[in-house]
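Could you slot chain H onto chain X? The hints should help.
Those sequence lines, one after another, are chains X and H. What the first sequence shows, in my numbering, is residues 1 to 399, in sequence order. What the second sequence shows, in my numbering, is residues 1 to 399, in sequence order.
Just so you know, the hints here were simulated from the structure itself, not pulled from any lab data. It is possible that part of the hints are untrue.
The list cannot tell twin chains apart, which means a pair is met if one copy fits it or any two copies do.
Stated by the list, open to error - Straight-line alpha carbon distances no greater than 20 Å define the calculated EDC-like cross-link-like pairs of lysine to aspartate or glutamate that follow:
{"#": "1", "residue 1": "K114", "residue 2": "E10"}
{"#": "2", "residue 1": "K84", "residue 2": "D212"}
{"#": "3", "residue 1": "K150", "residue 2": "D113"}
{"#": "4", "residue 1": "K163", "residue 2": "E10"}
{"#": "5", "residue 1": "K341", "residue 2": "D212"}
{"#": "6", "residue 1": "K58", "residue 2": "D46"}
{"#": "7", "residue 1": "K22", "residue 2": "E338"}
{"#": "8", "residue 1": "K138", "residue 2": "D113"}
{"#": "9", "residue 1": "K225", "residue 2": "D374"}
{"#": "10", "residue 1": "K380", "residue 2": "D46"}
{"#": "11", "residue 1": "K4", "residue 2": "E390"}
{"#": "12", "residue 1": "K53", "residue 2": "D115"}
{"#": "13", "residue 1": "K133", "residue 2": "D113"}
{"#": "14", "residue 1": "K342", "residue 2": "E363"}
{"#": "15", "residue 1": "K13", "residue 2": "E252"}
{"#": "16", "residue 1": "K138", "residue 2": "D116"}
{"#": "17", "residue 1": "K308", "residue 2": "E329"}
{"#": "18", "residue 1": "K214", "residue 2": "E251"}
{"#": "19", "residue 1": "K387", "residue 2": "D305"}
{"#": "20", "residue 1": "K7", "residue 2": "D113"}
{"#": "21", "residue 1": "K225", "residue 2": "E391"}
Here the structure is a predicted model, which is why all the values come from computation and not from measurement.
2 protein chains.
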Amino acid sequence: MGFKYAKRMENIKASEIRELLKLTQRPEIISFAGGLPAPELFPVDDFRKVSDKVLAEKGRIALQYGPTEGYNPLREKIASRMTKVGVKADFNDILIISGSQQGLDFTGKIFLDKDDIVLCESPSYLGAINAFKAYQPKFIEVPTDDNGMKMNELEEIIINNDKIKFIYVIPDFQNPSGRTWSLERRKKLLELSEKYNIPIVEDNPYGELRYDGKIPPAIKGLDTKGNVIFLGTFSKIFSPGIRLGWVCASEEALNKYILVKQGADLQASTISQLQLNQYIEEYSLDEHVDKIKNIYRRRRDLMIDTMKKEFPQDVKFTIPEGGLFTWVELPEHVNTRELAKKAIDNNVAFVPGGSFYPNAGNENAFRLNYSNMDEERIVKGIKILAKVIEEALQCEKSM
Amino acid sequence: MGFKYAKRMENIKASEIRELLKLTQRPEIISFAGGLPAPELFPVDDFRKVSDKVLAEKGRIALQYGPTEGYNPLREKIASRMTKVGVKADFNDILIISGSQQGLDFTGKIFLDKDDIVLCESPSYLGAINAFKAYQPKFIEVPTDDNGMKMNELEEIIINNDKIKFIYVIPDFQNPSGRTWSLERRKKLLELSEKYNIPIVEDNPYGELRYDGKIPPAIKGLDTKGNVIFLGTFSKIFSPGIRLGWVCASEEALNKYILVKQGADLQASTISQLQLNQYIEEYSLDEHVDKIKNIYRRRRDLMIDTMKKEFPQDVKFTIPEGGLFTWVELPEHVNTRELAKKAIDNNVAFVPGGSFYPNAGNENAFRLNYSNMDEERIVKGIKILAKVIEEALQCEKSM
Chain X
1 MGFKYAKRME NIKASEIREL LKLTQRPEII SFAGGLPAPE LFPVDDFRKV SDKVLAEKGR
61 IALQYGPTEG YNPLREKIAS RMTKVGVKAD FNDILIISGS QQGLDFTGKI FLDKDDIVLC
121 ESPSYLGAIN AFKAYQPKFI EVPTDDNGMK MNELEEIIIN NDKIKFIYVI PDFQNPSGRT
181 WSLERRKKLL ELSEKYNIPI VEDNPYGELR YDGKIPPAIK GLDTKGNVIF LGTFSKIFSP
241 GIRLGWVCAS EEALNKYILV KQGADLQAST ISQLQLNQYI EEYSLDEHVD KIKNIYRRRR
301 DLMIDTMKKE FPQDVKFTIP EGGLFTWVEL PEHVNTRELA KKAIDNNVAF VPGGSFYPNA
361 GNENAFRLNY SNMDEERIVK GIKILAKVIE EALQCEKSM
Chain H
1 MGFKYAKRME NIKASEIREL LKLTQRPEII SFAGGLPAPE LFPVDDFRKV SDKVLAEKGR
61 IALQYGPTEG YNPLREKIAS RMTKVGVKAD FNDILIISGS QQGLDFTGKI FLDKDDIVLC
121 ESPSYLGAIN AFKAYQPKFI EVPTDDNGMK MNELEEIIIN NDKIKFIYVI PDFQNPSGRT
181 WSLERRKKLL ELSEKYNIPI VEDNPYGELR YDGKIPPAIK GLDTKGNVIF LGTFSKIFSP
241 GIRLGWVCAS EEALNKYILV KQGADLQAST ISQLQLNQYI EEYSLDEHVD KIKNIYRRRR
301 DLMIDTMKKE FPQDVKFTIP EGGLFTWVEL PEHVNTRELA KKAIDNNVAF VPGGSFYPNA
361 GNENAFRLNY SNMDEERIVK GIKILAKVIE EALQCEKSM
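Okay, chain X solo, but in the shape it has when bound (with noise of 0.2 Å):
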């Protein structure tokens, strides 16, 4: 015992939120932790039937090894799909995956030899930063204010440094700012991604999740040479718990995605494939879509506006026009990882924000969930914050 593990391993850390989540298990805590799914929108009913369906009709495809691409007919409705963010797709370009974290997991895998470099907005998705870290990258975090990356830093970046693989980015609903990017980013985006040919890796888990105004097209949308790898999911607009996703790329990034499936767990779950496939055969993924947006709409308004109640003045907040998250940033003082324990002593759990910063520092920012608790779990847990932030802030004054 006491191997000699690979280097990478030092790199690999239990993700914070993983760890948060197994605390908030515990009934009497009010999550704002996780990014989870509010269960009760599940579409149990429908699922079931068109499980035994499929059980009874095709049972013994379902259960048996299936291609790597994926099931084609699932492929085909996804790619037709992606018109809904402006992607003009055929099923072709299309991998099925476990879910976009293994898509995450690929991209560092096909893109980053140690000591290559992954651009990301700053904050970044914690668990695609733990994703890449595996594969021994830099970050360099570009600046970002409410419309995205700041194009000029950006550039400035680019032009100053070797071995950048890829820019990954999240531009709707961002996790964990809730940020969206104007089309003018997005755009200037493009061109410097092909000004410089550097792949844009494309992050949209909640794109579809817009409570306000339209769904812009995605950078994949404008994309007309290639350059952008679009990830998507399941998880957020049907069920987490299928672990399905995929992604849409051009054919020679796509071929690289679909050799790495297969060393890595040869396909996607045949049975949940043709389940998926079937529901949305049978019946209407818009409408339960609809369905999600209404209620994690008021969730939204609810925690916003208690927030404005109840929050001291100098916190602030993003509103976000769509997804799960919304960022609350303190004054910097203010160390948000031991926030966290008090709000978790008062039974409220959220996700303190240096995790979600690849080098570090910014510790006095939190991410907050709103998709995964009632009303009246927002409106309680929001006053025990508020009380917990008024304390830390009175406390620091004081000392």
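Then chain H, alone, in the frame of chain X:
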């Protein structure tokens, strides 16, 4: 386009088996190529009942995120099932993964830096070779005979090489050779593992599918010091389409697998875990395995008997005591990649042996699977193959 990919991508090629499998989907092909279970044996009706029950009673849990480690009731059942191969385990020793192929990928990720050394049997499972190759190791193939790796040669290799990170073995009904390790060799391997502190990765996808004699203890069952990492799967004893396998290892090593699972795809499918758990609770998986064994035993017997009758005398093949494969060796001058093309022209498919040697060479053997074809097709296919081989041998002689 024409992105800069990671160097590892130069090593990752499409698995010959998966490419062959595409061809073999043509209904006229008699395929001995894949490692597919017989679909007519899948317990479709029983699984249909438990699936429905899970969605009726635990639908919201089944469709939600779950813990990375896996669903505890299923982890418990797997742990207690490990006694079948002589392993005493606790649910805490089990991580549920998406098929044991994922365990191979994780093993590479956890242990291998570039140019580290993997020891494996010669030949070895090509899916493992491909999974490890993504982490840029070197392979040393350890000579094997009918009882497993040759221990003097193994120790010699260990003494003469630094950077050996693990020893990868498939001790039961090895893929591709169909051979099974003797108890003596298992003990000796463990002894060397402890002496030189090199972990053993024991891949055991077929261990329960023994048609003659008694199941010997897994090497993990002899392991008192946590030196063995055991990979298991439900693909061959239940269904590959649900993509569920497991890692059984001691705490230190298992924690690495859990961390890597988190970054790779968060968790195995919640719904599949609940359904399989329910199946094991309500039905007898043992009885199901017995049913499979009875059919596969007859298919093996029939394939072996037909080969004895039909194959030319200078063709050798193994007689497996279980599992899915037999291994056919032709005179050294015969190239089985060429032979495979001729066989496909005659509507019979197999996997040429060359791919099972990570350092290439040895093109004169091939692997036959007997689990996926019915008895009539087995006899017909072997007869065709006998003719194709005969022609190849005569052709060589006449040249």
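Outcome of the hint check:
Taking the shortest alpha-carbon separations for K114 and E10, both the intra-copy value of 13 Å and the inter-copy value of 16 Å come in at or below 20 Å. In the homo-oligomer, the alpha carbons of K84 and D212 lie at most 20 Å apart inside one protomer (16 Å), although the nearest pairing across protomers, at 57 Å, exceeds that limit. With identical chains, the CA atoms of K150 and D113 are never at most 20 Å apart, being 27 Å at best within one copy and 36 Å at best between copies. For a Cα distance limit of 20 Å, the shortest separation of K163 from E10 across copies, 18 Å, qualifies, whereas the shortest one inside one copy, 22 Å, does not.
Taking the shortest alpha-carbon separations for K341 and D212, neither the intra-copy value of 34 Å nor the inter-copy value of 59 Å comes in at or below 20 Å. In this assembly of identical chains, the alpha carbons of K58 and D46 lie at most 20 Å apart whether taken from the same copy (18 Å) or from different copies (14 Å). For the homomeric pair K22 and E338, the shortest alpha-carbon distance inside one copy (18 Å) is at most 20 Å, but the shortest distance between copies (56 Å) is not. Taking CA atoms no more than 20 Å apart as the test, K138 paired with D113 passes in both settings, with 10 Å inside one copy and 17 Å between copies.
Taking the shortest Cα distances, K225 and D374 never come within 20 Å of each other, neither inside one copy (44 Å) nor across copies (49 Å). For a Cα distance limit of 20 Å, the shortest separation of K380 from D46 qualifies neither inside one copy, at 33 Å, nor across copies, at 45 Å. Proximity of K4 and E390 under a CA criterion of 20 Å is satisfied in neither setting, with 48 Å inside one chain copy and 50 Å between copies. In this homomeric assembly, K53 and D115 never come within 20 Å of each other (Cα to Cα): the closest approach is 50 Å inside a single copy and 50 Å across copies.
For the homomeric pair K133 and D113, the shortest alpha-carbon distances inside one copy (11 Å) and between copies (14 Å) are both at most 20 Å. Proximity of K342 to E363 under the C-alpha cut-off of 20 Å is restricted to the intra-copy arrangement: shortest distance 15 Å within a copy versus 66 Å between copies. Taking the shortest alpha-carbon separations for K13 and E252, only the inter-copy value of 14 Å comes in at or below 20 Å, while the best intra-copy value is 32 Å. For the homomeric pair K138 and D116, the shortest alpha-carbon distance inside one copy (6 Å) is at most 20 Å, but the shortest distance between copies (23 Å) is not.
In this homomeric assembly, K308 and E329 come within 20 Å of each other (Cα to Cα) only inside a single copy, at 13 Å, whereas the closest approach across copies is 76 Å. Proximity of K214 to E251 under the C-alpha cut-off of 20 Å is found in neither arrangement, the shortest distances being 30 Å within a copy and 50 Å between copies. Taking CA atoms no more than 20 Å apart as the test, K387 paired with D305 passes inside one copy only; the shortest distance there is 16 Å, against 80 Å between copies. In the homo-oligomer, the alpha carbons of K7 and D113 lie at most 20 Å apart both inside one protomer (13 Å) and across protomers (7 Å), since each shortest distance falls under that limit.
In this assembly of identical chains, K225 and E391 lie within 20 Å of each other by CA distance neither inside one copy nor across copies; the values are 53 Å within and 51 Å between.
Of the numbered hints given earlier, the model fails hints 3, 5, 9, 10, 11, 12, 18 and 21; all others are met.
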